[in-house]
Amino acid sequence: EVQLVESGGGVIRPGGSVRLSCEASGFNFDDYAMSWVRQVPGMGLEWVSGINWKGVSTGYADSVKGRFTISRDNAKNSLYLQMNSLRVEDTALYYCARPALRLSSYYGLDVWGQGTTVTVSS
Amino acid sequence: DIQMTQSPSSLSASVGDRVTFTCRASQSIISYLNWYQQKPGKAPKLLISTASSLQSGVPSRFSGSGSGTDFTLTINNLQPEDFATYYCQQSYSGPRTFGQGTKLEIK
Numbered sequence: 001e002v003q004l005v006e007s008g009g010g011v012i013r014p015g016g017s018v019r020l021s022c023e024a025s026g027f028n029f030d031d032y033a034m035s036w037v038r039q040v041p042g043m044g045l046e047w048v049s050g051i052n053w054k055g056v057s058t059g060y061a062d063s064v065k066g067r068f069t070i071s072r073d074n075a076k077n078s079l080y081l082q083m084n085s086l087r088v089e090d091t092a093l094y095y096c097a098r099p100a101l102r103l104s105s106y107y108g109l110d111v112w113g114q115g116t117t118v119t120v121s122s
Numbered sequence: 123d124i125q126m127t128q129s130p131s132s133l134s135a136s137v138g139d140r141v142t143f144t145c146r147a148s149q150s151i152i153s154y155l156n157w158y159q160q161k162p163g164k165a166p167k168l169l170i171s172t173a174s175s176l177q178s179g180v181p182s183r184f185s186g187s188g189s190g191t192d193f194t195l196t197i198n199n200l201q202p203e204d205f206a207t208y209y210c211q212q213s214y215s216g217p218r219t220f221g222q223g224t225k226l227e228i229k
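Heads up: the sequence lines are chains V and D, in that order. Residue 122, in the numbering used here, is where the first sequence stops; the numbers in between run on with no holes. Residue 229, in the numbering used here, is where the second sequence stops; the numbers in between run on with no holes.
Read the hints as simulated data drawn from the structure, not as lab findings. Keep in mind that this is a model prediction, so the values were computed, not measured. Some hints could be false.
As the list claims (entries may be wrong) - To give an idea of the interface, some chain V residues facing chain D are shown, with a C-beta separation under 10 Å as derived from the structure: (1) Ser104; (2) Tyr107; (3) Asp110; (4) Val111.
Ideal Cβ positions, reconstructed from N, Cα and C, are used throughout, including at glycine.
Throw the hints in and build the complete structure from the sequences for me.
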């Protein structure tokens with residue numbers, strides 16, 4: 001079964017840091033680009049960051065650029081999001097997601113995890 | 123960055139109706155436009171990729187069209203399970219931005 005499982009969320013103080021993880025199973029992880037997408041409860045979807053299948057090309061939303069770092073370990077079938085200098089407005093449910101097509105960054109995201117919640121609060 | 127604008131922000135319709143959602147990009151994205159359906163408490167579900175390619179398992183009453191900057195998602199013969207929020211997303215360049223969503227409600 002194709003599956004993505006996120007972990008690492010919690011309650012963090014403003015200015016603090018946290019690292020999210022996403023463990024993949026059921027597919028050749030190193031053939032797929034990966035993304036992080038977040039959603040404030042009751043609000044819309046925001047694409048946060050993406051990384052290509054080799055891990056050499058990355059992209060970020062303006063809202064997180066310079067504070068968040070995406071990375072992957074293909075040997076461990078895992079995706080990460082290092083989140084630094086956290087702000088209250090980073091509070092959201094964070095999903096990792098995989099595109100429908102291997103070896104492409106141009107397709108829609110057809111596999112999603114269940115999400116992990118990050119709450120930034122003093 | 124490419125901005126995605128969806129209209130309307132909400133729509134009321136009845137079972138059996140035909141509805142159309144619109145998504146506009148701030149610059150040409152060729153056909154790299156995706157549509158998602160999201161129900162409360164669930165992760166988004168990919169319906170259509172590259173503007174018109176229906177994902178496996180998605181009912182044929184869903185269809186997408188458009189290219190360049192203007193795109194549409196059409197649902198024919200609305201079913202009760204179709205009432206949800208729909209998002210477009212560009213996957214052409216830069217941050218893969220989403221539209222703000224259209225909430226489809228039962229009339």
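Structure versus earlier hints - violations, ascending order: none
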